[in-house]
Amino acid sequence: NAGVTQTPKFQVLKTGQSMTLQCAQDMNHEYMSWYRQDPGMGLRLIHYSVGAGITDQGEVPNGYNVSRSTTEDFPLRLLSAAPSQTSVYFCASRTGGLTQYFGPGTRLLVL
Amino acid sequence: GIQVEQSPPDLILQEGANSTLRCNFSDSVNNLQWFHQNPWGQLINLFYIPSGTKQNGRLSATTVATERYSLLYISSSQTTDSGVYFCAVEQGGDYKLSFGAGTTVTVRA
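Each protein sequence line maps, in turn, to chains W and V. Heads up: the first sequence begins at 1 in this note's numbering, then just goes up one per residue. Heads up: the second sequence begins at 1001 in this note's numbering, then just goes up one per residue.
Quick caveat, the hints were computed from the structure, so don't treat them as lab data. Ideal Cβ placement from N, Cα and C applies to all residues, glycine included. Mixed in with the good hints there might be a few duds.
What the hints assert, rightly or not - Derived list of chain V stretches under chain W, where covered just means 3 residues or more per stretch with a C-beta under 8 Å from a C-beta of chain W: (1) 1021 to 1028; (2) 1064 to 1078.
Claimed, not checked - One side of the interface only, derived from the structure: several residues of chain W facing chain V at Cβ under 10 Å: (3) THR5; (4) TYR35; (5) GLN37; (6) ASP56; (7) ARG94; (8) TYR101; (9) GLY103; (10) GLY105.
Stated by the list, open to error - Quick list of the computed label-pair ranges, beta carbon to beta carbon: (11) V:LYS1054 to W:LYS9: 29 to 35 Å; (12) V:THR1106 to W:ASN1: 17 to 23 Å; (13) V:ALA1109 to W:GLY63: 39 to 45 Å; (14) V:THR1080 to W:ASN28: 30 to 36 Å; (15) V:ASP1010 to W:ASN62: 28 to 34 Å; (16) W:ASN28 to V:GLN1014: 19 to 25 Å.
Use the sequences and the hints to build the structure in full.
What follows is the structure, encoded as structure tokens:
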């Protein structure tokens, strides 16, 4: 199993550009989520999904969009990038209420 | 929302030393996990421990759910234990893990 994979590893955007961060898992997990991590802070939940076709907002959803058309994929879209979205983004997946697995992260810099 | 406080914020250890990290949470939880973020940024799950005690090698964890805290013990620390340790909790099966700010551990040879 590859586990949770994320692409790209690193991205530089200009203010106002849009982009999609990709996340995929091959463990057949129902639950997937996106977090952002800023210096000196823990991870904050952006959006999550409990299954294909079902998504919901987390703690910091503004400026981000998600969709879940398949069990495996959970892309995160930045609609119009802002410098405040400079961060490290982690995708995670798990089954039921148990252990959560994280992807390697995407470092995003918005100029 | 639920508050998660971790202490201490920073910890410097000499190789071979033991240490205890603490996680306090403000409300009842049905899920508590400890994670280690290594210096390369990778997050690894250490324990799923909503209550009770677990051990994995030199690491062990105890959660006292009725008193709303969890402890992570590192024994005979090694330089590879360096990184940030996060506690994360979830209430009522809402699938929203809330993270503490972490404890940064530096183990010196």
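Hints not upheld, ascending by number: Violated: hints 1, 2, 3, 12 and 16.
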